[in-house]
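*Asks:* Protein chains in written order, with the numbering used here: chain A, 608 to 921; chain B, 353 to 824.
Simulated from the structure, these hints should not be mistaken for laboratory data.
C-beta: ideal position from N, C-alpha, C; glycine also.
Heads up, none of these hints are tricks.
Listed next, the in silico SDA-like pairs over lysine to any residue satisfying Cα-Cα at most 25 Å (straight line):
| hint | chain 1 | residue 1 | chain 2 | residue 2 |
| --- | --- | --- | --- | --- |
| 1 | A | Lys-860 | B | Pro-617 |
| 2 | A | Lys-677 | A | Ala-649 |
| 3 | B | Lys-391 | A | Ser-720 |
| 4 | B | Lys-528 | A | Gln-712 |
| 5 | B | Lys-528 | A | Glu-713 |
| 6 | B | Lys-528 | A | Leu-723 |
| 7 | B | Lys-391 | A | Glu-724 |
| 8 | B | Lys-701 | B | Thr-758 |
| 9 | A | Lys-860 | B | Gly-616 |
| 10 | B | Lys-528 | B | Ala-539 |
| 11 | B | Lys-391 | A | Leu-723 |
| 12 | B | Lys-528 | A | Thr-759 |
| 13 | B | Lys-736 | B | Tyr-707 |
| 14 | A | Lys-860 | A | Asp-841 |
| 15 | B | Lys-473 | B | Val-677 |
| 16 | B | Lys-528 | A | Leu-761 |
| 17 | B | Lys-528 | A | Met-760 |
| 18 | A | Lys-860 | B | Gln-590 |
| 19 | B | Lys-528 | A | Gly-758 |
| 20 | B | Lys-736 | B | Ala-760 |
| 21 | A | Lys-677 | A | Arg-731 |
| 22 | B | Lys-528 | A | Val-755 |
| 23 | A | Lys-860 | B | Arg-619 |
| 24 | A | Lys-860 | B | Gly-593 |
| 25 | B | Lys-391 | A | Gln-712 |
| 26 | B | Lys-391 | A | Glu-713 |
| 27 | B | Lys-391 | A | Gln-727 |
| 28 | B | Lys-528 | A | Ser-720 |
| 29 | A | Lys-860 | B | Gln-618 |
| 30 | A | Lys-746 | B | Arg-400 |
Looking from chain B toward chain A, a few residues come up when the C-beta cut is under 8 Å (computed):
| hint | residue |
| --- | --- |
| 31 | Gly-403 |
| 32 | Ser-577 |
| 33 | Asp-601 |
| 34 | Gln-615 |
Output of the computed footprint for chain A on chain B, the stretches with three or more beta carbons under 8 Å from beta carbons of chain A:
| hint | region |
| --- | --- |
| 35 | 587 to 593 |
| 36 | 603 to 614 |
Single-letter residue listing:
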Amino acid sequence: MLSRTADQLYWMARYIERAENIARLLDVTWQMSLVPQTTDVANRSWLAALNCNGMAQAYLDRHGAVDGAKVLHFLAFDELNASSIYNCLRAARENAHAVRGTLTQEMWETVNSTWLEMAQRAARPLSEVDHGEFFEWVKRRSSLSRGVTFGTMLHDEAFHFIRLGTHLERADNTARLLDVKYHLLAAGLTSGGAGDYYQWGALLRSVSAFEIYRRVYRDVMTPTRVAELLILRDDMPRSLRTCLEAVDAALNKIANRHSAETIRRAGQLHAELRYGRIEDIFADGLHHFLTRFTERISDLGNRIGQDFLLPSLL
Amino acid sequence: MMNSAFYDEMTQATGEPRPHYREYCKWLKETAAERLARKQAEADLTFRRLGITFAVYGEEAGTERLIPFDLLPRIIPAQEWKALAEGLRQRVRALNLFIHDIYHNQDILKAGLIPPEQILKNAQYRPEMQGVDVPEGIYTHIAGVDVVRAGAGEFFVLEDNLRVPSGVSYMLEDRKMMMRLFPELFARHKIAPVEHYPDMLLDNLRSCAPKGVSDPTVVVMTPGSYNSAYFEHAFLAQQMGVELVEGRDLFVRDDAVYMRTTQGPQRVDVIYRRIDDDFLDPLAFRQDSMLGVPGLLSVYRAGRVTLANAIGAGVADDKSIYPYVPEMIRFYLGEEPLLNNVPTWMCRKPDDLAYVLDHLPELVVKETHGAGGYGMLVGPAASKDEIARFRELLIAHPTQYIAQPTLALSTCPIFVESGIAPRHIDLRPFVLSGKEIKMVPGGLTRVALREGSLVVNSSQGGGTKDTWVLEE
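Just chain A, same shape as in the assembly:
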């Protein structure tokens, strides 16, 4: 398969996944903002949402102070913010357009009509936006893309590049989400008690893991267990371990003569998660662990680019 085609499939998948994750994050942040709280606490949540995407500086440069409605608009609809949901869906569609011959008809239709509807929605006045409905819509379109991919695409190289993009992006997003939210909580900045319960609940909900937590632990929410669920569980679809398992598997399918070191590093990271213990992670510091993890994901992303995707490669 053409390196450029692989590159565009990989990025198409990453952008779709990123759009979904921003929607998830905004959804819970927005729901949390409806819980009675001080302005200061509310603003910290919004700032955390921005930090999660590394967008805080860009936002502050544009808008000055943190304001819920503005953050929502900035991360969801803003055409000038390259990482808004709007631009992620546009980039996904542009990548898909460039490789539409490689996609099945249904996949192309899904990505294309998602973008067409996004453009329509963005054109509506902000006052008419039903945020909950919008985030649901983004998640649903992402699920549809994934379903159509699995349901219609030949499980060939193109498919593995899509999977690779999806899971690398998801690993990165889950790690950032956990890092930012955890610090917000661990810093004791929330009201404690019932407030904490909502915060933990929101974190879990943002990765669709609230009910899963209940079913797995049948107990109250504790930071250690939330972290364990999102980092080490192999049956939790958005956990770091599950993502790395998929990355590892996809990389082994697409291996070429340059990729041995990349595969080794992905395998090592996967093995560490597979055999890791949450106590050890906490002993070293969760923030430290997550920072290292996102760095290693970023390293994998660069190496994948060099090994498979860059057109300069001969």
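Dock chain B against the given chain A, drawing on the hints supplied.
*Replies:* Coordinates of chain B only, in the frame set by chain A:
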């Protein structure tokens, strides 16, 4: 309802449907206008969702438009198609021999049938191709010959598009759409299938691979996703199951062309390129081309990759060469042309120019290198200012223009809000040349949607129709 000044494809002068439209007209009478309106909306929505669009030059970057699709088919009876196909085969065969001759012995120039400077100073003539042998001697692998019907119903060839003719994807999508919207019509008519075109194209491309390559790798080469015909490039690559490449995906090494793949370089044998000669190789042609592949020409000249169509094929479809095609047919084949040429005044000849300047309001004036309906004058529809502007252009650059009488193009009804109404149409059959000459029955019918308009190009607001060749 019918304008009797024009030949109508559906209706005879008496008002009766032509025999090959009888069954269809019966169906049309039985079908409520509301159903047609609903189907039209369904078609538009589907084309939009599928992204079957084309980009329009001169508008905001990335602007994509639907090519309007009309519900009423253009029907061609078997006998008419047979005669037309025979004429097309003859014409393309002669054009191919002509190009071969021009890049080898130039017998036709020696025979004095065409003034040599007409060829050798033509911008489409590629001296780099002189003496180069191409596989199977084929230059015009894919030709899109524009045919119109005029006067009492005889066919005329308007243009031979031998460089990168487009539109075949619309032919295929229009058929798919018709079958989806009105399956019952296909039960009531014996309509010759066209769906095998991609297979035929792939077979044709493979048959022209460089010598000694038994299992050639074929690719489609596109200028990129912002090109007006990108949809078609992607469509054809997908339908043939081959890679869609851009210039940056290819490179030349050790006198061979490779594409960059995730598994390393892979050799490419046949390139169906949808990109003009000028942009193919920055080392040989336009140096500023970002779309091409450095070194491609030298591999091509060495016979180690096939380009379809061949470099330099444009020398035969230039509008200043068009008037000589009937002579080519006589010269190379010793046959009389089966299809008519439109009488053409060559403005580089002083007598012709004088005539054209005197009769501008009646004539159609075209740029010799133009395409896509850009830069042409339709005298009867033009304003005084436009005519004055063309007069100046003609006097300043006579060699760049030809003129033809305004043909009374045939009409075919289209579906409009008030019912059905006639509009002018043409036909672009796609002729494939390889070891033999093949085509699928019919082609792309383009329709000028504006009442009275004679310009069918999609870039000028033209639409398309499904084209049915009836089987006997």
